[in-house]
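A.B. asks: The listed protein sequences derive, respectively, from chains A and B.
FYI, this note's numbering numbers position 245 of the first sequence as 245, with every residue one higher than the one before it.
FYI, this note's numbering numbers position 279 of the second sequence as 279, with every residue one higher than the one before it.
Hint data in this document are derived by calculation from the structure and do not stem from the laboratory.
Quick caveat, the model's predicted, so the values are computed rather than measured.
Take these hints with a grain of salt, some might be off.
Heads up, the list lumps identical chains together, so a pair's fine if it works in one copy or across two of them.
[What the hints assert, rightly or not] Computed list of lysine to any residue pairs in SDA-like fashion (alpha-carbon distance at most 20 angstroms, straight line): (1) K287 - G180; (2) K287 - C179; (3) K94 - L291; (4) K153 - E262.
There are 2 protein chains.
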Amino acid sequence: MREKTFYIGVDLGATKTLAVLYDEDMGLIAQARAKTPSDKGGDAILASIVELASEACAQAGLDVSKVKAVGVAVPAPIDRESGTIIQAPNMGIKDYPMGKKLAKALGASSFLENDVRAGVWGEFRKGALRGYKNAVGIFVGTGIGGGILLDGKLWGGSHGHAGEIGHMILQEGGAVCGCGQYGCLEALASRSAMAKDAVAAIASGKSPLLMERYGTDFRKMKSSVFEYALSEKDEAIQKIIARSAFWVGIGMANLVNVLDPEAIVLGGGVIARFGDFYKKRAEESMKEHMLSGFAKGVKVLVSELGDLAVPTGAALSAKEAMG
Amino acid sequence: MREKTFYIGVDLGATKTLAVLYDEDMGLIAQARAKTPSDKGGDAILASIVELASEACAQAGLDVSKVKAVGVAVPAPIDRESGTIIQAPNMGIKDYPMGKKLAKALGASSFLENDVRAGVWGEFRKGALRGYKNAVGIFVGTGIGGGILLDGKLWGGSHGHAGEIGHMILQEGGAVCGCGQYGCLEALASRSAMAKDAVAAIASGKSPLLMERYGTDFRKMKSSVFEYALSEKDEAIQKIIARSAFWVGIGMANLVNVLDPEAIVLGGGVIARFGDFYKKRAEESMKEHMLSGFAKGVKVLVSELGDLAVPTGAALSAKEAMG
Numbered sequence: 001m002r003e004k005t006f007y008i009g010v011d012l013g014a015t016k017t018l019a020v021l022y023d024e025d026m027g028l029i030a031q032a033r034a035k036t037p038s039d040k041g042g043d044a045i046l047a048s049i050v051e052l053a054s055e056a057c058a059q060a061g062l063d064v065s066k067v068k069a070v071g072v073a074v075p076a077p078i079d080r081e082s083g084t085i086i087q088a089p090n091m092g093i094k095d096y097p098m099g100k101k102l103a104k105a106l107g108a109s110s111f112l113e114n115d116v117r118a119g120v121w122g123e124f125r126k127g128a129l130r131g132y133k134n135a136v137g138i139f140v141g142t143g144i145g146g147g148i149l150l151d152g153k154l155w156g157g158s159h160g161h162a163g164e165i166g167h168m169i170l171q172e173g174g175a176v177c178g179c180g181q182y183g184c185l186e187a188l189a190s191r192s193a194m195a196k197d198a199v200a201a202i203a204s205g206k207s208p209l210l211m212e213r214y215g216t217d218f219r220k221m222k223s224s225v226f227e228y229a230l231s232e233k234d235e236a237i238q239k240i241i242a243r244s245a246f247w248v249g250i251g252m253a254n255l256v257n258v259l260d261p262e263a264i265v266l267g268g269g270v271i272a273r274f275g276d277f278y279k280k281r282a283e284e285s286m287k288e289h290m291l292s293g294f295a296k297g298v299k300v301l302v303s304e305l306g307d308l309a310v311p312t313g314a315a316l317s318a319k320e321a322m323g
Numbered sequence: 001m002r003e004k005t006f007y008i009g010v011d012l013g014a015t016k017t018l019a020v021l022y023d024e025d026m027g028l029i030a031q032a033r034a035k036t037p038s039d040k041g042g043d044a045i046l047a048s049i050v051e052l053a054s055e056a057c058a059q060a061g062l063d064v065s066k067v068k069a070v071g072v073a074v075p076a077p078i079d080r081e082s083g084t085i086i087q088a089p090n091m092g093i094k095d096y097p098m099g100k101k102l103a104k105a106l107g108a109s110s111f112l113e114n115d116v117r118a119g120v121w122g123e124f125r126k127g128a129l130r131g132y133k134n135a136v137g138i139f140v141g142t143g144i145g146g147g148i149l150l151d152g153k154l155w156g157g158s159h160g161h162a163g164e165i166g167h168m169i170l171q172e173g174g175a176v177c178g179c180g181q182y183g184c185l186e187a188l189a190s191r192s193a194m195a196k197d198a199v200a201a202i203a204s205g206k207s208p209l210l211m212e213r214y215g216t217d218f219r220k221m222k223s224s225v226f227e228y229a230l231s232e233k234d235e236a237i238q239k240i241i242a243r244s245a246f247w248v249g250i251g252m253a254n255l256v257n258v259l260d261p262e263a264i265v266l267g268g269g270v271i272a273r274f275g276d277f278y279k280k281r282a283e284e285s286m287k288e289h290m291l292s293g294f295a296k297g298v299k300v301l302v303s304e305l306g307d308l309a310v311p312t313g314a315a316l317s318a319k320e321a322m323g
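One chain only, chain A, in its complex shape (with noise of 0.2 angstroms):
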């Protein structure tokens, strides 16, 4: 009998990395999260890597040695040939070969990823774009990130750049993107987007409710807040996060307009919160800013692996990477 092999997939990100323990049928085992020492650079975040990806093997009473391939997906350009993360200003991160030294430590093969592929990738092969060979990916959070699905392969372009959906311009001469551009979509509907929406709201008085609450610190408004609000019908932040939908579903349709794709699956952490709230109006928005022709033959879907769709697609672009 052969001996059953262990994946694991990180979702590392600047706040929390989240380590998941995987068979090798993409079976969750276990799974362990922690706060990201973003502060103290790459051999701190590796050395948490290493423990949550040790802890999560404890629970399972699972040698680590057991692991054959760890996937690590980041929000930052990477260079996957060397298993190198090319730049993380937020996580004092720059040149750093987070797959040797991971692989070197856990005695397992490595891969990196980028984080929005790699969920695009998740819900491909076993979530919600299953049976959806072309296909694009919106992930909406603090950034909005995209991947693209071509022929049943995330399409990376000539350089490995491709699914930059969040810098498609949208608005020319609109609001300030951290790019560097105006009317970039993320500038448009990201979470923090609608942060700076919601505190110049509240400090006008159109909520009380988060007034009382949380005040006017732009760096409280996280989902949650918006959350609480929609779930207390609060119509000043409803309509924040309807407009953060309505610029989405204009990317959308730019994006059905340019790929003709099949599916388009909404994921990431503002997604998760607001699901159907957010989904309809994100649609609606699309249908009504593409060629009319195109609406029939596009399905718009929510990811079903939610926080998991990273890790899994990381552990499984690893697991693949092994040939």
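Could you slot chain B onto chain A? The hints should help.
C.D. replies: Frame of chain A, contents of chain B only:
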């Protein structure tokens, strides 16, 4: 010795039709053009194509029966399988089986293709895109069309609709587009968009040069008028041409961010007339609006085949479709 074979590529436009006769290596042998009988419907247009094909063959002293395949490029939705033009209101055509009828009339096999896709294919096989497997073509004329080349193949999408880059929304709420939306690239940058700005500028006294020569009739604002104004360094009209390039540059930036192509080729009537003046401004705008790390990786090219890009691609597609 094997008998020589010949191919015809037709660029069927709403105003004029161009038929080009090629040898089997797509060497140009002869061409014929005429006004398209757009007001007379499908059968008249078919007859006109047959006549132009015969005329091109006659120029070369060639019997029409030597033509193996004819490709027709159409600025309208088509069904490639059945060779049907689905809808071309500006030519009075609806569900017209152009492919079958043309094949019968000429005794050759036939193939229908979208005009801009044909143009991109022509540039890839015989023009500016030789050697670039991943590229985007943007053709600016009365409208704006696109073609996407991935891994050396035209990307059709899930329903054959891909490449409608003229209907990417770049300025939500902006200028009205023929498609019914607001702020599409086509509504901001096509020759029709330029003509709107030009008549307003002329009417308000900003271009005495054009006022004297052409007046303020929208239908008179053809590419030749803009070309004349550019050659005379008319400032108001230069600004309008530069503005079109500015918006096309934003469209290019979005496509680079999403698809990461090796090259972008600019083609169509507007580009053919304004060449370097236009390309320079479009490329500047692209670099200004894209993620800064991407700029080095993408080459901006101008169509080499010009008016022949579309018929060359149509003839090639027809040849290749024969298997």
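A.B. asks: Hint by hint, work out which the structure violates, then give me just those numbers in ascending order.
C.D. replies: No hint contradicted; all consistent.
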